[in-house]
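Residue numbers (the working numbering), protein chains in the order written: chain L, 1 to 288; chain B, 1 to 232.
Watch out, some of these pointers could steer you wrong.
As the list claims (entries may be wrong) - Below, a list of computed lysine-lysine pairs in the DSS-like style, where the Cα atoms sit at most 27 Å apart: (1) B:Lys217 <-> B:Lys205; (2) B:Lys178 <-> L:Lys9; (3) L:Lys9 <-> B:Lys89; (4) B:Lys89 <-> L:Lys5; (5) B:Lys133 <-> B:Lys79; (6) B:Lys178 <-> B:Lys10; (7) L:Lys72 <-> L:Lys137; (8) B:Lys133 <-> B:Lys205; (9) B:Lys79 <-> L:Lys5; (10) L:Lys192 <-> B:Lys79; (11) L:Lys192 <-> B:Lys205; (12) B:Lys53 <-> L:Lys192; (13) L:Lys47 <-> L:Lys137; (14) L:Lys89 <-> L:Lys72; (15) L:Lys192 <-> B:Lys89; (16) B:Lys53 <-> B:Lys212; (17) B:Lys10 <-> B:Lys133; (18) L:Lys137 <-> L:Lys60; (19) B:Lys53 <-> B:Lys89; (20) B:Lys205 <-> B:Lys80; (21) B:Lys133 <-> L:Lys5; (22) B:Lys80 <-> L:Lys192; (23) L:Lys60 <-> L:Lys97; (24) B:Lys178 <-> B:Lys79.
Since the hints were made in silico from the structure, they are not lab data.
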Amino acid sequence: MRQVKTSWKHIRRNPYQALAAICIMLLTFLAISVFAFIVFGSSVVIKYFESKPQVTAFFKDEAQQSDIDTLKNTLEQTGKISHIRFISKQEALQIYKAQNKNDPLLLDLVTADILPASLEISTGNIDDLGTASDTLKNSPIVSEVVYQKDVVSTLTQWTNAARIIGIILIVVLALVSIFIMMTVIGFKVSQKRDEIEIMRLLSATNWYIRWPFVLEGVFYGVVGTFFGWLIASAGLFYATPYLQSFLKGIPLLPVSPIFLLELLAGELLIAVILGVLASSLAVLRYLK
Amino acid sequence: MIKLQNVSKKFGAGDVALEDISFTIESGEFVFVVGPSGSGKTTLFRLLIREMKPTIGEIHVGEWDIANLPTQRIPYLRKKIGVVFQDLKLLRDRTIFENVLFPLEVADMEENAARQRVEEILEQVGIAQHRDKFPIQLSGGELQRAAIARALAFSPEILLADEPTGNLDNATSWEIVKLLQDINHAGTTILMATHNTDIVNSLLKRVLTIEKGKLVKDEVKEKKERSKKEEK
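The task is simple: from the sequences and hints, build the whole structure.
Structure (structure tokens):
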């Protein structure tokens with residue numbers, strides 16, 4: 001308790017240094033939070049695309065139901081299909097109506113006749129999509145095959161790139177945070193060099209001297225993290241309506257509060273580690 | 001109680017601070033350590049509280065082997081040995097009460113007990129009325145008393161006083177010496193480094209004389225005076 005009081009006194013007496021340390025931690029954890037949202041969000045988006053029919057075959061208008069059933073059976077017999085669904089012209093119209101219910105102009109112009117019947121196919125393994133797609137392309141009753149492997153792989157590439165950039169950014173920011181906290185705390189340690197020397201001569205253990213500085217580092221970390229997380233979360237909530245209309249149909253938003261709290265807990269843990277590390281390094285030089 | 005055997009201390013540049021010092025001090029003794037500035041008196045005290053290690057030789061304080069004491073045991077040693085530093089080392093931004101309380105805080109003593117103890121010591125050294133003043137508001141003699149009070153916080157077995165009368169007038173010097181004598185009578189072993197020949201010659205105590213790092217004289221004045229009288 002005494003160490004907590006001492007630590008608080010150190011912080012109070014140098015508010016601008018404290019502010020600098022908190023700001024840099026805030027920046028680091030704002031970046032970590034935003035990065036976590038991107039990683040989490042993109043993984044949900046990829047999962048969504050992977051779980052959706054990945055090959056859609058649109059049939060020619062003259063295609064007979066018996067031919068379609070034969071084709072469906074042929075595909076099912078390969079054993080590589082996880083999901084297959086036939087969508088008739090009528091069903092296609094229902095889907096179209098549902099998707100454009102807010103736009104009567106679009107609804108007026110479309111009838112079941114102009115929409116093609118289709119087969120939606122998912123495979124257990126993304127690599128099997130090619131085979132399924134080839135089978136469909138070779139069928140005379142199929143007019144067009146929409147193959148979503150490209151969408152998923154492009155998305156995966158983007159996500160991986162974002163992940164690498166994010167990790168680099170966070171490592172750099174974390175290092176900068178450690179250096180700035182080391183400087184701030186190191187400055188305070190050197191200001192108190194006389195007091196530390198007297199403490200040691202008066203039987204203080206190294207840990208007694210170290211604790212207030214370590215607690216100070218933890219304080220900067222925890223406060224900076226909390227506000228970084230708060231700003232990122234507030235930004236996410238603010239952007240949720242826009243993102244929801246952009247990511248129509250993907251079950252991502254609104255983000256669960258449990259996920260946000262878990263993120264906060266994880267970040268606080270990292271902040272405590274960074275704080276302890278930075279302050280221990282700063283004090284180390286004086287307590288050899 | 002305190003035993004030095006062939007202790008030498010050399011510094012990095014090859015300067016010899018102490019050379020082949022050996023002596024034993026029994027529990028409850030009052031010993032003056034005299035010698036010119038730079039003779040090694042302060043180095044001797046610094047060795048005794050393990051602020052530094054001897055280059056060679058053995059130092060024993062009670063059951064402690066000082067030269068080989070593990071670092072983590074040093075705080076325990078320093079509770080047994082109170083030190084009045086030459087430059088006092090009082091914290092300027094703390095009151096006298098807080099300065100005396102400081103070592104007890106460091107030792108994590110329960111707050112009420114620690115405050116009680118500080119009140120007692122301030123009373124003992126005669127500066128209770130200055131408890132809430134800052135060091136800058138006190139006279140030289142009062143500051144010495146404050147430093148002594150802090151050194152007494154743990155009721156140490158040994159008290160090292162490094163030039164406690166250094167910058168004081170004669171009357172105040174005597175007050176400080178009397179205070180140290182009282183502490184000695186209560187059972188604390190006292191080593192006092194001083195230049196003040198008046199005090200050393202007036203009190204019939206043991207005197208260790210150090211010159212250029214060597215122990216040149218170890219005399220017990222009381223015995224010397226007694227033998228002089230016997231001769232007459």
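Task: Unmet hints by their number, sorted upward, for this structure - done: 2, 6, 8, 11, 17
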